[in-house]
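J.: Okay, here's what each chain looks like letter by letter:
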Amino acid sequence: MEAIWLYQFRLIVIGDSTVGKSCLIRRFTEGRFAQVSDPTVGVDFFSRLVEIEPGKRIKLQIWDTAGQERFRSITRAYYRNSVGGLLLFDITNRRSFQNVHEWLEETKVHVQPYQIVFVLVGHKCDLDTQRQVTRHEAEKLAAAYGMKYIETSARDAINVEKAFTDLTRDIYELVKRGDITIQEGWEGVKSGFVPNVVHSSEEVVKSERRCLC
Amino acid sequence: MSDKDDTETPVVTEATSTLEDGNCELSENSEFVDQSAKPENKSELAAITRKRPESKPSSDLETSEVLPVEASQAVGKETVSKDVPQTGWGYWGSWGKSLLSSASATVATVGQGISNVIEKAETSLGIPSPSEISTEVQYAAGETNANENANSSSLIGPFGVFSTISTAVQTTGKSVISGGLDALEFIGKKTMDVIAEGDPGFKRTKGLMNRNSTLSQVLREAKEKEELWTSNEVTLETDKKTHYGLLFDEFQGLSHLEALEMLSRESEIKVKSILNSLSGEELQTLKLELEQLKEAFSLAEFCEEEEEEKKDDEDFTKEITELFSQLHVSSKPEKLTKARNTAYEWISTSLAKPSEEKEDGEKQLETEKIEQISKNSIEDIHAFAIRSLAELTACSIELFHKTAALVLHGQKQEVTAIERSRTLSQMTIVLCKELSSLSKEFTTCLTTAGVKEKADILNPLITAVFLEASNSASYIQDAFQLLLPVLEISLIENKTELPEA
Chain U
142 MEAIWLYQFR
152 LIVIGDSTVG
162 KSCLIRRFTE
172 GRFAQVSDPT
182 VGVDFFSRLV
192 EIEPGKRIKL
202 QIWDTAGQER
212 FRSITRAYYR
222 NSVGGLLLFD
232 ITNRRSFQNV
242 HEWLEETKVH
252 VQPYQIVFVL
262 VGHKCDLDTQ
272 RQVTRHEAEK
282 LAAAYGMKYI
292 ETSARDAINV
302 EKAFTDLTRD
312 IYELVKRGDI
322 TIQEGWEGVK
332 SGFVPNVVHS
342 SEEVVKSERR
352 CLC
Chain H
276 MSDKDDTETP
286 VVTEATSTLE
296 DGNCELSENS
306 EFVDQSAKPE
316 NKSELAAITR
326 KRPESKPSSD
336 LETSEVLPVE
346 ASQAVGKETV
356 SKDVPQTGWG
366 YWGSWGKSLL
376 SSASATVATV
386 GQGISNVIEK
396 AETSLGIPSP
406 SEISTEVQYA
416 AGETNANENA
426 NSSSLIGPFG
436 VFSTISTAVQ
446 TTGKSVISGG
456 LDALEFIGKK
466 TMDVIAEGDP
476 GFKRTKGLMN
486 RNSTLSQVLR
496 EAKEKEELWT
506 SNEVTLETDK
516 KTHYGLLFDE
526 FQGLSHLEAL
536 EMLSRESEIK
546 VKSILNSLSG
556 EELQTLKLEL
566 EQLKEAFSLA
576 EFCEEEEEEK
586 KDDEDFTKEI
596 TELFSQLHVS
606 SKPEKLTKAR
616 NTAYEWISTS
626 LAKPSEEKED
636 GEKQLETEKI
646 EQISKNSIED
656 IHAFAIRSLA
666 ELTACSIELF
676 HKTAALVLHG
686 QKQEVTAIER
696 SRTLSQMTIV
706 LCKELSSLSK
716 EFTTCLTTAG
726 VKEKADILNP
736 LITAVFLEAS
746 NSASYIQDAF
756 QLLLPVLEIS
766 LIENKTELPE
776 A
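First to last, the protein sequences are chains U and H.
Its first residue numbered 142, the first sequence is counted upward by one per residue in the numbering used here.
Its first residue numbered 276, the second sequence is counted upward by one per residue in the numbering used here.
The hints are simulated quantities; they were obtained by calculation from the structure and are not laboratory data.
Heads up, a few of these hints could be off.
Quick look at which bits of chain U chain H covers, simulated, 3 or more residues with Cβ under 8 Å [said to hold, decoys possible]:
| hint | region |
| --- | --- |
| 1 | 186-195 |
| 2 | 316-325 |
Calculated lysine to any residue pairs in the SDA-like style (CA-CA distance at most 25 Å, straight line) [stated by the list, open to error]:
| hint | chain 1 | residue 1 | chain 2 | residue 2 |
| --- | --- | --- | --- | --- |
| 3 | H | Lys610 | U | Arg189 |
| 4 | U | Lys303 | H | Glu525 |
| 5 | H | Lys607 | U | Thr306 |
| 6 | H | Lys593 | U | Asp179 |
| 7 | H | Lys687 | U | Arg189 |
| 8 | H | Lys545 | U | Gln253 |
| 9 | U | Lys197 | H | Arg495 |
| 10 | U | Lys317 | U | Thr306 |
| 11 | H | Lys545 | U | Ser214 |
| 12 | H | Lys607 | U | Ala175 |
| 13 | H | Lys687 | U | Ala218 |
| 14 | H | Lys547 | U | Arg211 |
| 15 | H | Lys770 | U | Gln253 |
Cβ atoms here follow ideal geometry from the backbone N, Cα and C, with glycine treated the same way.
Using the sequences provided together with the hints, build the complete structure.
T.: Written out as structure tokens, the structure is:
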């Protein structure tokens, strides 16, 4: 892994238990489909570099959270220091889609005073025959919350790369425009050690952004 | 590898010259100590690492002039002068020099914090006298009979990590080395003490339970400096391979450590508020029980078992797996044991002797294979050793983190907090011993592969491996201490739930 990167973004991956969060992340960071048998305990950590423009690399620190309710008090602590998030549901599990709303409410409470740029991810799209959630309704829900929607499959490596890089690019644009700024005591975005850094820690506390998620 | 050397020579010279500049700065403005010390030391180490034996001695001279000064700044002048013959560095001087230089290099590399704190240690504690240092070391080694002459037995570090070096001591300048190592040990110990000074109760256990400066902060700073350095210099990938801090982070050790600290802190707050809400007999009983728990965390067995039996390969995996099942948490140590076994496989391939494998029929093939193996230069071995240590440590800390999460939020188990504490303490010992024996294996590799190398090329690498192993063991023990509040809460919760059940 190269040490040179422009920014470091912390992304959180949330969603119901068994929707495939860990599998998606491992496909993205390890390039293979790992049949994860054990549910995630608390949080797990992954990282990868993404090149968003030639020569411009962003380091992603990805927080894989446990979907199980009993670990909720642990995972909650991680919202605050995330700049972006992937909110997963399983397209073959209607319940996990219905819970998307709850997940968003939960993050809203715990991310204060910051905000997270979310993307809604319909996972396991390789299992189209067992689909319980249509693309249309998922897109509608995402739009209602100002999120993008993307369907992925860790098993068949569909859109995995795109889901992460699109989100990264969106955040990068916001950082470039100054809508998201680097702040002391907030780990969501950190600048790398490349000379042309745009940030100043003196900058005003993040301007109230309209809902970017 | 060797063809690179030519192209890198300019870098080496540059590094040496900046080293001088940096050193002036160092004495002028102590605030710059760590920023400047880091890159210099690193490049110095790199220079030593890549230097071929036949390279010009001029740079050698320069460094030997500069480094002792620097080292003594950090360690205290008396330390150096006490053990180093006043007649000059001479031949053995190169041992001391390389030790000291890699000492400061490692200090900067590993615990960024350590170099940070040196300053603090100097100002807040004063530079210690040699006798203080040796007391410190004796204390650390759990030895009462060690004397100032530093015979090889007094060199045994807290976990026996340095015990193998005693063999080397006999063949080289005994006192010089011991001076170097004592000093290193001292730096480590004192640093921890300074960090933990806000909490006298933990001083004995050496835990980094201080509220202001956590272990992960210390490590993170170090890593960031390493990153800064590696990106400032347009470095080769190979350079990064030996940065313990960067590798530790790459294996997510830092994140797991932070997560563990978070759980520990939360639990600590809970414990305090519960204790505050209790009074009278109830409070006394609970305090007594918590005291027992604390005892299980004292790692007393460490000193008793300095002797290390040669173990089978399978033993570690079996032992750790067994200990884990005793914990009754659903987490499994497979990642750790896999990392450990990979390291041992690599070592055994690296150590494979040509004669052992040769079969006439496959001579050609075998010879090729052997050539492949012997291509593992000492730099490769060193890099792999540091990498393995970082990975094993990261895995260990991940396991502690997972254990904490499961103790706090897992299903209820038929195992008491005290039982779990004892198992965890046992596990910490096993892990630290493993790091110790792994580092010995790696240095054996280094010695075998580097027979033809000059001592001042080989020795810093060996020292670095031992140091990182020792540091790794410290990190693991500190992480273990972070589990105490978690188990305290678990104990309290079990207690309060029992009557209801």
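J.: Now look at each hint and say whether the structure bears it out.
T.: Consistency of the hints with the structure:
1. 186-195: It holds, with 3 qualifying residues against the three required.
2. 316-325: violated (count 0)
3. H:Lys610 / U:Arg189: holds (20 Å)
4. U:Lys303 / H:Glu525: holds (23 Å)
5. H:Lys607 / U:Thr306: violated (32 Å)
6. H:Lys593 / U:Asp179: holds (21 Å)
7. H:Lys687 / U:Arg189: Violated, because 36 Å separates the two Cα atoms, which is more than 25 Å.
8. H:Lys545 / U:Gln253: holds (23 Å)
9. U:Lys197 / H:Arg495: holds (24 Å)
10. U:Lys317 / U:Thr306: holds (16 Å)
11. H:Lys545 / U:Ser214: holds (14 Å)
12. H:Lys607 / U:Ala175: holds (17 Å)
13. H:Lys687 / U:Ala218: holds (23 Å)
14. H:Lys547 / U:Arg211: Between Lys547 of chain H and Arg211 of chain U the Cα gap is close to 23 Å, so the pair holds against 25 Å.
15. H:Lys770 / U:Gln253: violated (36 Å)
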